[in-house]
Every structure is written in structure tokens, then in C-alpha cells.
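K.L.:
Residues per chain, in single letters:
There are 2 protein chains.
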Amino acid sequence: MEALPDEDFIYLGDTARLPYGTKSPQTVARYSQQAAEALAEYGVKCLVVACNTASAVGLPGVRDRIEGVPVVGVIEPGAAAACDASASGRIAVIATEGTVRGGAYQQAILRHRSDAVVFAQPAPLFVALAEEGLCEGAIPESIARHYLEPLFDGATRSPSRPDTLVLGCTHFPMLAGTIRSVVGPHVRIVDSAKTTAHAVREQLQEQLQPAAGVVAGTAGAVRFLATDSVDRFVRIGSRFLARPIAPEEVELIDL
Amino acid sequence: MEALPDEDFIYLGDTARLPYGTKSPQTVARYSQQAAEALAEYGVKCLVVACNTASAVGLPGVRDRIEGVPVVGVIEPGAAAACDASASGRIAVIATEGTVRGGAYQQAILRHRSDAVVFAQPAPLFVALAEEGLCEGAIPESIARHYLEPLFDGATRSPSRPDTLVLGCTHFPMLAGTIRSVVGPHVRIVDSAKTTAHAVREQLQEQLQPAAGVVAGTAGAVRFLATDSVDRFVRIGSRFLARPIAPEEVELIDL
Numbered sequence: 004m005e006a007l008p009d010e011d012f013i014y015l016g017d018t019a020r021l022p023y024g025t026k027s028p029q030t031v032a033r034y035s036q037q038a039a040e041a042l043a044e045y046g047v048k049c050l051v052v053a054c055n056t057a058s059a060v061g062l063p064g065v066r067d068r069i070e071g072v073p074v075v076g077v078i079e080p081g082a083a084a085a086c087d088a089s090a091s092g093r094i095a096v097i098a099t100e101g102t103v104r105g106g107a108y109q110q111a112i113l114r115h116r117s118d119a120v121v122f123a124q125p126a127p128l129f130v131a132l133a134e135e136g137l138c139e140g141a142i143p144e145s146i147a148r149h150y151l152e153p154l155f156d157g158a159t160r161s162p163s164r165p166d167t168l169v170l171g172c173t174h175f176p177m178l179a180g181t182i183r184s185v186v187g188p189h190v191r192i193v194d195s196a197k198t199t200a201h202a203v204r205e206q207l208q209e210q211l212q213p214a215a216g217v218v219a220g221t222a223g224a225v226r227f228l229a230t231d232s233v234d235r236f237v238r239i240g241s242r243f244l245a246r247p248i249a250p251e252e253v254e255l256i257d258l
Numbered sequence: 004m005e006a007l008p009d010e011d012f013i014y015l016g017d018t019a020r021l022p023y024g025t026k027s028p029q030t031v032a033r034y035s036q037q038a039a040e041a042l043a044e045y046g047v048k049c050l051v052v053a054c055n056t057a058s059a060v061g062l063p064g065v066r067d068r069i070e071g072v073p074v075v076g077v078i079e080p081g082a083a084a085a086c087d088a089s090a091s092g093r094i095a096v097i098a099t100e101g102t103v104r105g106g107a108y109q110q111a112i113l114r115h116r117s118d119a120v121v122f123a124q125p126a127p128l129f130v131a132l133a134e135e136g137l138c139e140g141a142i143p144e145s146i147a148r149h150y151l152e153p154l155f156d157g158a159t160r161s162p163s164r165p166d167t168l169v170l171g172c173t174h175f176p177m178l179a180g181t182i183r184s185v186v187g188p189h190v191r192i193v194d195s196a197k198t199t200a201h202a203v204r205e206q207l208q209e210q211l212q213p214a215a216g217v218v219a220g221t222a223g224a225v226r227f228l229a230t231d232s233v234d235r236f237v238r239i240g241s242r243f244l245a246r247p248i249a250p251e252e253v254e255l256i257d258l
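In order, the protein sequence lines correspond to chains S and F.
Just so we're aligned, residue 4 is where the first sequence starts under my numbering, counting upward by one.
Just so we're aligned, residue 4 is where the second sequence starts under my numbering, counting upward by one.
Mixed in with the good hints, there may be bad ones.
To be verified - With beta-carbon atoms standing in for the labels, derived distance ranges:
no.: 1; chain 1: F; residue 1: G157; chain 2: S; residue 2: V47; range: 54 to 62 Å
no.: 2; chain 1: S; residue 1: E5; chain 2: F; residue 2: H189; range: 53 to 61 Å
no.: 3; chain 1: F; residue 1: S241; chain 2: S; residue 2: P250; range: 36 to 44 Å
no.: 4; chain 1: S; residue 1: Q210; chain 2: F; residue 2: P153; range: 50 to 58 Å
Please keep in mind that the hints were generated in silico from the structure rather than gathered at the bench.
Ideal Cβ positions, reconstructed from N, Cα and C, are used throughout, including at glycine.
Model the full assembly from the supplied sequences, consistent with the hints where possible.
P.N.:
Here you go:
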């Protein structure tokens, strides 16, 4: 919304079946396809798979289901940004269990930079912390140390230490302050949400008509769809989006 | 299995859509009914809704769907056991967000003991800790203090302090040691799994034929059904059951 203020957005959260990060690739792919089909019915001109786990395993299936609409995942932009940010090529990725196990970040980073050394670490408790809004203080710090100290031990400027950390899950930027306090000031932290927004902007400039909203005078409209619990969507979504979401803005749908 | 060694068991884990603890009552009820219908097809003689959240909101719907089969939830036995265990009637319950919000434990305890004072505390991070197997050490201890110190502050033998704590989620007994270390030695800890097993034994003695397995010579057979990820079911299930589960024992089904 910041990168493309003239566009209209429709956001679907599969809140009935989240989290995706602990599911099998087959199930994530199936659920992602169902979500993409539901969004395609709204006549979208571009689809962002804004979940790292779904991007890691579900992109080919999503592309098959909604032909003619460009599909942007979050792994490729995140991997490209990490390769640009890293001086040493030593890149750490924290993500869900499913994203790490599938190896999508590792492969994407090596495609961009064949000399890279990738350290991938599942950090599943970060998801629960972000959902609960427990992002600062002793508890998230001790969990951040648990996941990150094995990757970032040793002297701050040691050449063997990664110089870049990819936040490979939509939830992790909520914990950015705590993560920063553990890895120290010299590590480049890459948030794939930002780099994905830029990738979408490029895609729209290259391939697509200008924003329909600009013509219709409704530029920047946002609509939310959820598969369960409008209350919880409003409560947690407002925190993630950093602006209040009203219950009337959220429509309950079934996938 | 310990309480009824002659019975055969069939266990269904809706691993594709877990956790239930953060979903709306409507969705939990719908998923619970689907699970009950799937189990009814196996000709069960008794159905245990062995999930606190599903018991809290899904029992009536489950009973409607599988008529003629007794359905035992975990809330009633847990509440009864807590009322028996408590001298003061001051009872704390930790559970998922959904279980606490629905008020099922609070109501069940007050039905058993109208003078009880119930303190209900959601403890959602305990679910993630148990799933990850991070049950001992500094991290679970700090989280246990976060949830439990507000309930159990003050002098250990203060009359205003609860004297009984109900572990109102299937996952929480995995953290019993850590929970004990926070609440101290004088609090009675009630695990609704054990009290439910006794309730099932009573139900079977009162109403039902003796175990079919005893006649067929297959007593004690166990079968596992999961809706996703046999690997993960084997890994986490073995820890919860405290015995190895082989992948061949687990059948993948769709709900």
C-alpha cells in the first residue's frame, strides 16, 4: 500500500487453517490454490502470494490455476535483496519449518549468487509470539537468542559470521527490534515484504495497465477477506498493518 | 490405553487444520463434526473428544451427528476432578484462547461447586512450546512465569491463592514439570487427560458391551489417522504418547 498508493488491494487471510508453516507441502499447495482461485474471482490483475511457506511450495500450482494473471511470490525478491545486501555472501535465513525444509530460500539465493553460503534456521515460536503480540521483552529475547545465537556466535566482525539475515516469514518483521538486539548492529536484516512490494511495482510498470482505481476515483481501496474469526482478524491484523481495521471491512468467506 | 488396556483405539488428529485453540467456535464446531463423522464410519462404540477447545464448543454438534454412540468430552471430567482436588474452591484454569473465551470450564466448575472461584488464563504459547518439544529450561520457564505469576502471586500458603490448577489443553501436560516449578509444591495440578480416561472407563462399565478386542484376540490395537503430514505426526505424536509411532501405523485421510 505504501509502494503502490494508487492501486486497490484485496487481501485474503486463510485464518481458519493457519498456520501454513507446519503443514506438508501437499496441503500448503492445495490450500494456496484454493485461496488463489477465490481471489481470481474478484478480477485481480496481479496476485501476490504474500506468505513465505506458500511461496516456497505453492507457486507452480497457483500459477497453473489462475492463468493470465502474473503471480509474485516472496521468496525470489527476498533472496535477490539478500544477495544484494550481503558483502561476504554468508546469508542466514530464519523461516517456518516448512519453508526451511523445502529449501526454497537456499536454492533461490544460490541461483542469484553461486558462491553464497546459506544458513537456514526454522524459528516456529516467532510465529506464536507475533500472533500473541509478545514482541519485546525478556521472553522474545530469550527465544531470539535460542534461534539466532547458534548462527551468529563468535566475534561481531568475524568473517565466518553471516553478514545478512533474511526474515523469511511474514510474521517476523514484528520481532525486528528484538532480532536486531540479538544479532547486533552490523548485520543487514532483509524483510521480504518490502522487497516484494518493489517487485510488484516493477511487474506492474512492465506488464500491466495503470491502476484501475485511478480511473474510477477509488484509488487505494482495501478489502479484507478471512476464512474465520473476524474478531481475531481485526485484532491481530490491525497490529500487523499498523492501522486499525474495522470489523465492517472484513468479509468472512469459505474456501 | 493405560486405563483400558483391553480396548482397541482409533485416534484421529486433524493435523492439516490444527490448532483449534485460536479458531472461532463456529469453525471448531464444524471441524469437530467432520472429524466425528469420519470416526463414526469405523464403527466406534464410544467417542472421546480429546481436545479441550473442541469439547468446550463442539460437543452438542458432535452428539447430534453420531447418534447412538456415547460422546465423552474432556471439560466435564476435568472440572469434576478440579472440584474434588480443591480444598478452598479457588481454582485456576489455563487453556487455549478459544477454551477460555467460551467459558466452558468456568461454567462446568460452577455447576459442580457453586461456591468455587475460577481464574481462567489463556496460555497460547504453551501450545507452540509443546509442539516444538521445548518443555524444559529457561524459555518455557519464563513463559510459564508470564502466564502463571499473575494467578499465583503472593505467599505460597495465602488463602487468596488458588490451590488447584487445571491443565485445560491436551498439550499442557508436556510442560507439567515447568509449570510445577513455577506454582510450587502445594498446588494440586489436574490433568484432564487422566480424569477423562476414568470417565470413559465408567461409561464403558455402565453402558456398553465388553471390549470386542478381548473376544477377537486383538485387544489393545491402536490405529492412527491424520489429515496431514505423517512425518510430523510420527515425530510429535511419539513424544506425546511416550512411545514410538511408526509411519506405517498412520493413515492419511481427508476431512
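K.L.:
Would you mind marking each hint as holding or not holding in the structure?
P.N.:
Status of the hints after comparison with the structure:
1. Taken as a hint, the range 54 to 62 Å holds for the pair G157/F and V47/S, whose Cβ atoms sit roughly 56 Å apart.
2. In this structure the supplied range 53 to 61 Å holds for E5/S paired with H189/F, their Cβ-Cβ distance being about 55 Å.
3. Checked against the hint of 36 to 44 Å, the C-beta distance between S241/F and P250/S comes to roughly 42 Å, which is consistent with it.
4. Remark: the range hint 50 to 58 Å for Q210/S to P153/F is upheld by a beta-carbon distance near 54 Å.
Hint check: no violations occur; every hint is consistent with the structure.
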